[in-house]
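Engineer: Once you've looked at the hints, go ahead and assemble the two chains, each given alone in its own frame, into the complex.
Protein chains in written order, with our numbering: chain A, 1 to 274; chain B, 1 to 460.
Below, in silico cross-link-like pairs of lysine-lysine (PhoX-like), each with a Cα-Cα straight-line distance of 25 Å or less:
hint, chain 1, residue 1, chain 2, residue 2
1, A, K115, B, K454
2, B, K353, B, K264
3, A, K115, B, K353
Calculated directly from the structure, the hints in this document are not laboratory data.
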Amino acid sequence: MSEKKKMAKSDASPASKETPPSATPKMKGDKVKVFYGEKQALMDVDLDIKPNEVTALIGPSGCGKSTFLRCLNRMNDVIDICRVEGKITLDDEDIYDSTLDPVQLRARVGMVFQKPNPFPKSIYDNIAYGPRIHGTAQSKADIDEIVETSLTKAGLFGEVKDRLLEPGTGLSGGQQQRLCIARAIAVNPEVILMDEPCSALDPIATAKIEELIDELRENYTIVIVTHSMQQAARVSQRTAFFHLGELVEVGDTEQIFTNPNDSRTQGYITGRFG
Amino acid sequence: MNSFFLILVVIGLSVAGYAVGRARSVFAAAGDVRILHSLPSYYGMFVALGCGLPAILLLAIWLIIQPQIVDHMVMSGLDPSIMPQNADAYSLMLTDIRNLSSGNATSREASPAIVAATERYLALQSIGFWSMVVGVVCIAMLGLAWARSQISRNFRARNAVEKIIRALLIVCSMIAILTTVGIVLSLIFESIRFFARVPFFDFLFGIHWSPQTAIRAEQVGASGSFGAVPLFAGTMLITLIAMLVAGPIGLLSAIYMAEYANPKFRGIAKPMLEVLAGIPTVVYGFFAALTVAPMIRGWGEGVGLDVSSESALAAGLVMGIMIIPFVSSLSDDVINSVPQSLRDGSYGLGATKSETIRHVIIPAALPGIVGAFLLAVSRAIGETMIVVMAAGLASNLTANPFEAVTTVTVQIVTLLVGDQEFDSAKTLAAFALGLVLFFVTLGLNVVALRVVRKYREKYD
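Here chain B stands alone, though its shape is the one from the complex (with noise of 0.2 Å):
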């Protein structure tokens, strides 16, 4: 028996309740359920939620807590003598216990008093487990009974159970907010470490970048300097070349659809291009890598120009491509609830339909396409698999479109494929890259949400 029983028992018991707190109504209102104040399943799921909610939060607490009370109990019952002097030296040792509890083979022979210590722990955890055990369907019938009795011709169940469906919405909404705070926490934690070992100032406005630390002191080739210049222009490129891509392409086929197009070739034409934005970026990434880039280079050859392999224009590209349906499908939304009255107004007056979408459409639409843009833009900025695969690792700080670049995205995956030590400056820096492209994007989304939003107020 493990907790994942424990948790069906819990649920059983709630069905159970329900049935009770249902049959329990309709006994109160001696048969008539019409002069309760709700309907008998409010009661019924009132009695259900009052037994499970707080076992199952009884539950979730014990299991965080108890690993962290018996690993306390057995290191402080430890013989003195034996005692770890350091945390690294404690952790070990505890592991070391961990590892024989659960039968698995320890780096080293396991002393008699390990072995003690390991008995222990497991005595405890089977104590542990037992009381949670007793401790949760405890609570359970508790609340049953409670709520139960809480039964009656007039107890308001339905306004109790909204409260507490409420409760749980709230708890479920900030499960992601807490989530998002976890993450942006961590992120700054880990790249203050980074800055400790590499001044702030190094870090935003070098211009060489060679994250190559050294493991051991005689190492060559292992400058491990941090200068993210080339890597926050790489990115700049390749968002600008897929925003010269994507702005146009995406807006003028938002205008004819929105504008042109009949319906029927709408009907089909919009979620084709929508299919766009369902294919997997690493699809993309081959494609780039493997038929873009090599067809760039040869037109670059047959013009005499010197193209790189690996081309911040094939990924550009390709990205451009990939975001079009971003800029296209928003732009197109914010067209189309422009008010008919306008083009009324504007047709009313001799303007031809070209004139209209300029003057009073496309001003009119501005604020939701200058979100559009945006977003579009913090899409390029994060993108991370077309240009691993198209981009290039090397970090040229160049303009030119025809060598190859790389991104902070890039970066960040090689930085931390394969296996890392997570307290090297190389890793650390990793942490740095994403805080700063977490700070863009985070700007750029807030920015285009606000625009968006303003112009959504004025038409509504």
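Bound-form chain A, shown alone (with noise of 0.2 Å):
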């Protein structure tokens, strides 16, 4: 069990981490209920998101955590046949007010998905395409500015900066998803939502996208669903295990991989089941 090792060792990191002690949260969940047509797959979840912190979202498939970070910038309007009963708010606003907007949520809290999904065209348009249909950026000089702040941030600008002008989809798979997260950034959002963002990714391209994850905490509150222990203990301050839709136990990541309050936490994470 060499993985064992390495995640007992990689656990100590997020101690390190200084976490504001008495922050207010980012976004709050009160409870949050899912029902896709007849099927409930998430049960009154209340969970908290701090600000300027990696929250990891963990538990085997089909547990729901996809469908909560979902949630969080109502991309699950695009499914007709999903329903969001509860509460959920952004800086004490409700994002399921009829009076917000979810094209504006979404400049808020960004989201960066399991594949790498650039658009069709160049890195640079790809950069740009957020900044323009929000009207942040005024001339092609702003644009520019945003388009490398942005690669810069996203750890990509030195790969690319010669060949900005050529097709996205031309980059290899970590590449493109420092891509896609460079575009989730150029928004400017507040919270940026990463739905297991290194799935498809190898393990060299992985660590870059979490020292990168690592860096972004510092700008933005960032939630990451993962099915990587070994991930969430490394990048996370705060772990939530979901199972069966229902959430099972929140906490700073050092006590849920050390100390568990609850025995299918303790079972989940030992490797046991799921």
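Structural biologist: Right under this line is the structure:
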């Protein structure tokens, strides 16, 4: 069980990261229920997302963690049969309020997907897409600047600065995913949601993305869904464990991985099921 | 008895061969079919094919070759004194002999030499037929016996049948390809004959089309000029009008179907739109000629325009309606095949639905949409019935959609309708026009398919 050892070793790192002790939650889920048609996928989930932290959502497949993530920027609206109940707030504002425009919300709560999905456009246009539709950049110089800073923040600028006008689909998988992160950053969101961002990547690309997530924490609030418990342990400060549509346990990552309260959490992280 | 019954006999033998092969294999296995290499039905199939295929092949070849040999033997057996001197007289005499042999009246009273030749012809034909019957049945029997002798416990009948079936499939696909090649070659050769009479550049760049050739030397009104530019211009004008109708309507309805419509509406509307493609073009044709054209003329008069009762606009509009399904159905398919992840990516950045469609989905689907448009254009160029009825025959060189124009396809129809002599420049002009049409639509189809394929590779 060499993986276990690695995990134990990386368990130490989140502890060294200081988190603001008395931060009010950036986002707050209150009795969130989600239905796909008749089937209930989430049962009364109460979960706070604290600012400038990485919150990891873990759990076996089909446990509802991705569903919860997609509730946070109303991506579930795209699915016809999906129905959300309960209350989710962003800075104390109900995001399911009828006066709130989901399109505006998604500009504040960005998303990075499981599979890198660059648009079939140039690298430059991929990044410029968000700023252009939101009108945040007026001149070409503004957009140039946004493209450069976003790519720099995503750690990609050095690799692609000579081929900004080439198609984004021509990059490697890891580069594509960092391009997608840069694309999300370019809109200047407050929260970034990541749905298994490394599951389609090799270990080296994964390491780069994890490093990037850790850097982004300084400016953004991040929620990440992952199947890799090592990854959750490495990148997150708080971890929430979902099982069968229920939020079983949430707490500091260190506590969840070393001293879980619930026996199901214990079973999952030690590999007894899931 | 004729060749048809012979085919039935061969089929009967094959069926018998199937039973024989099956029984033989079961016998070879001493009743335990599990020790055979293949299932007994494969052995039966093998014998049936071994019996039937060579026999049918021989029959086909015989039927092609026999008449030629018989003709040659009859003609060469003629008395040298009445032997025809040139090719025309030769074929005339041969026709006489054939007509006489089948009991029809001939154009002239038959001379004794011809009557003798006819008897000879009938005798030879009967000999030929009976030797064919014997030959085919013998080959079928031999094939059956040979295939049966092959059967043993370890004979791989399954693999052998597989190979034969593969060969059959290849032959079938070759028939389609060879037919196409044949059509193209005939177009090319007839066109070469045409260009021997009318200079190539006069045809391609001439601006006057009046394909009346004189039958008698002193005939008036038979200028016989073959400048095809008015036809090309007319075709392009109508195609342009049709695409102006079908392009936007087809694309926008495809976008609605693929992105906005709920599944229930889509399930009803899409098949209904595709029904448009199933309406016979001749129905569109009289719709265009009897309804749309007078309506446009009426409107034109209302606003003081001089509209001819057969206008390019009427034909183009109706043709546009006809090709809407081509554009919308193909565009709908390519829009649907744009991965959902791209939509999610765009929505995730805070884009609205129409922004996503304009900036992400259409660009991603563009190659496929271009392909759909090109296919629709080639369909519009080749369309005949609507323009025959609604666009008229006058070869005006004009860009005015209210005037009557004519198209390449319409002229081909008018050149070949009715009794024609097949060696006048007038008739041959149809082949030259057909050749041009063929190359244009072929080019468009090749480009369109390439574009579509390139697009497919990108997302699979």
